[in-house]
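Visitor: Below are the chains, spelled out letter by letter.
Protein chains: 2
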Amino acid sequence: MSVAQAFDDWMLTNQGAMEIALAQFLPSAAVVPARLHEAMRYTALEGGKRVRPALVFAAGELFDADPDLLTRAASAVEMIHVYSLVHDDMPCMDDDALRRGKPTVHVKYDEATALLVGDALQAQAFSVLSESTADPVRVLAMVRMLAQAAGSLGMCGGQAIDLASVGTALTVTELEQMHRLKTGALLRASVFLGALCGKALNANEEAALDAYARAVGLAFQVVDDILDATADSATLGKTAGKDAADNKPTYVSLLGLDTSRILAKKLLNDALTAIAPFGDKANRLAELAHLIVHRTA
Amino acid sequence: MSVAQAFDDWMLTNQGAMEIALAQFLPSAAVVPARLHEAMRYTALEGGKRVRPALVFAAGELFDADPDLLTRAASAVEMIHVYSLVHDDMPCMDDDALRRGKPTVHVKYDEATALLVGDALQAQAFSVLSESTADPVRVLAMVRMLAQAAGSLGMCGGQAIDLASVGTALTVTELEQMHRLKTGALLRASVFLGALCGKALNANEEAALDAYARAVGLAFQVVDDILDATADSATLGKTAGKDAADNKPTYVSLLGLDTSRILAKKLLNDALTAIAPFGDKANRLAELAHLIVHRTA
Numbered sequence: 000m001s002v003a004q005a006f007d008d009w010m011l012t013n014q015g016a017m018e019i020a021l022a023q024f025l026p027s028a029a030v031v032p033a034r035l036h037e038a039m040r041y042t043a044l045e046g047g048k049r050v051r052p053a054l055v056f057a058a059g060e061l062f063d064a065d066p067d068l069l070t071r072a073a074s075a076v077e078m079i080h081v082y083s084l085v086h087d088d089m090p091c092m093d094d095d096a097l098r099r100g101k102p103t104v105h106v107k108y109d110e111a112t113a114l115l116v117g118d119a120l121q122a123q124a125f126s127v128l129s130e131s132t133a134d135p136v137r138v139l140a141m142v143r144m145l146a147q148a149a150g151s152l153g154m155c156g157g158q159a160i161d162l163a164s165v166g167t168a169l170t171v172t173e174l175e176q177m178h179r180l181k182t183g184a185l186l187r188a189s190v191f192l193g194a195l196c197g198k199a200l201n202a203n204e205e206a207a208l209d210a211y212a213r214a215v216g217l218a219f220q221v222v223d224d225i226l227d228a229t230a231d232s233a234t235l236g237k238t239a240g241k242d243a244a245d246n247k248p249t250y251v252s253l254l255g256l257d258t259s260r261i262l263a264k265k266l267l268n269d270a271l272t273a274i275a276p277f278g279d280k281a282n283r284l285a286e287l288a289h290l291i292v293h294r295t296a
Numbered sequence: 000m001s002v003a004q005a006f007d008d009w010m011l012t013n014q015g016a017m018e019i020a021l022a023q024f025l026p027s028a029a030v031v032p033a034r035l036h037e038a039m040r041y042t043a044l045e046g047g048k049r050v051r052p053a054l055v056f057a058a059g060e061l062f063d064a065d066p067d068l069l070t071r072a073a074s075a076v077e078m079i080h081v082y083s084l085v086h087d088d089m090p091c092m093d094d095d096a097l098r099r100g101k102p103t104v105h106v107k108y109d110e111a112t113a114l115l116v117g118d119a120l121q122a123q124a125f126s127v128l129s130e131s132t133a134d135p136v137r138v139l140a141m142v143r144m145l146a147q148a149a150g151s152l153g154m155c156g157g158q159a160i161d162l163a164s165v166g167t168a169l170t171v172t173e174l175e176q177m178h179r180l181k182t183g184a185l186l187r188a189s190v191f192l193g194a195l196c197g198k199a200l201n202a203n204e205e206a207a208l209d210a211y212a213r214a215v216g217l218a219f220q221v222v223d224d225i226l227d228a229t230a231d232s233a234t235l236g237k238t239a240g241k242d243a244a245d246n247k248p249t250y251v252s253l254l255g256l257d258t259s260r261i262l263a264k265k266l267l268n269d270a271l272t273a274i275a276p277f278g279d280k281a282n283r284l285a286e287l288a289h290l291i292v293h294r295t296a
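Taken in order, these protein sequences are the chains called A and B.
Per numbering that gives the first Met the number 0, numbering of the first sequence is gapless, rising by one per residue and ending at 296.
Per numbering that gives the first Met the number 0, numbering of the second sequence is gapless, rising by one per residue and ending at 296.
Looking at chain A on its own, in the form it has when it is part of the complex (with noise of 0.2 Å):
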């Protein structure tokens, strides 16, 4: 089996186990209120790359985690992505119809319910990582990390700049700060809640996981720039050309095509850099470095 074969496989395995586990940590349809629980089922399951589980998997591996905590790690992470997509997709913010080829909640549903699913998705990652049973130091710490990375100093704070920045002319350092926030911070406590599944971590072992997920981070948005003035909708999942519309600063409205694509390649090579030190075990958080500069939607 090749190397990318290898890679590919252990992606779908990972999709499958978080389809699993989130179907499990969400409360059933057919529970009271049943609306409210179909809904979060509809936009947290069957969807996405799932790239932030990936990554508190991959950091786990990488520190021999414990199973049960990485999978609630994974999926408090996704519930917290899911429902900052359901917000942003709302009317009052980026008034978006599709989202991984599916109909987006307010308009399957309706706003009030699009507002609530994401109030108690995000009730629920905390939920599903305090119910834990490893060590609650450790768990307790996970909690603090997660809550920090999504609040208004993570990623609320970078919807914040990103609603504000609308039509106004940023810099390139001011772009960065935005998006450290809005996708970075997210990102960040991926790979710092898997490795914490595993170990407390020495200064070294933070410093390299920190320039690999400030490195990935802020690559996943430039690609995702390009991808938003490059490819189709259909491709997307999303509406594709919705920045220029917007009059949102992307980098390629910033550095134009050619010089974000070399900025995202000097990102990935910033990534593998960083995490060089730890050797082969780190190979399936470069390999994801590889896939959030390479992909395609």
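Since the hints were made in silico from the structure, they are not lab data.
One or more of the hints may lead you astray.
Each pair may be met inside one copy or between any two copies, as identical chains are not told apart.
[Claimed, not checked] Below, in silico cross-link-like pairs of lysine-lysine (DSS-like), each with a Cα-Cα straight-line distance of 30 Å or less: (1) LYS265 x LYS247; (2) LYS198 x LYS280; (3) LYS101 x LYS265; (4) LYS264 x LYS107; (5) LYS48 x LYS241; (6) LYS241 x LYS107; (7) LYS247 x LYS107.
Chain A is already provided as a structure; the job is to place chain B on it using the hints.
Guide: Relative to the frame of chain A, chain B by itself:
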């Protein structure tokens, strides 16, 4: 000093402590993203009776709780409560322009900011709690309790049932079930979080607090419905008469005013009976039950 005066002073002291704690636990309005942080502080500070924090403090007194953990628990519960109000007031939910006598967040700022304020406040609640340096086993149990009370089997679930109930004919049992989730779950969590700041509960203590919390939680809602039907907007600090205008089932619409008042008194009696075994140490909880039933706003 009379008993009533001592209780009033206790409430004022706690409200002052909450103001200081929330001001400290919320990022400064000078921190980027400044507008989001300003809006979070706008809605969370200088407002409300702080009933939930008072329940946390009262239950904490009963079990000689750790003061720092108690303040964190009270702040976390209040942040969850405030976020739920911000989202509840949005146009796609109750569409209310006035809250605690001030313009609601989506009116003062905009809808997208209101959405993010609520999302970030929820995350911040879990940050504040999980950053405690108290016994991790205890703190983690509290995170679990708060997350469950806030989620789809608690507060968010109750709001979903509430939305679905507009214009329908609920029975009193169904109405009670809705409120047990919508407001009851977080009020109950307030009592238990306060108690857990002091000690792990034995089965008798847990049953007593549960009976108290359930009675108080339901009484709170019955009185809310009475006030919505009888008080004016200036007194309430929010739009009065909305339930009838929105065609929402309430205790008043199902039972009438007189029977609703009798029910509130019965629930007060239930609450007091439940905590009688604790003796004088539960006086604050008893006084809070009185306050909740006899409030005029």
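Visitor: Among the hints numbered above, which are violated by the structure, and what are their numbers in rising order?
Guide: 3 and 4
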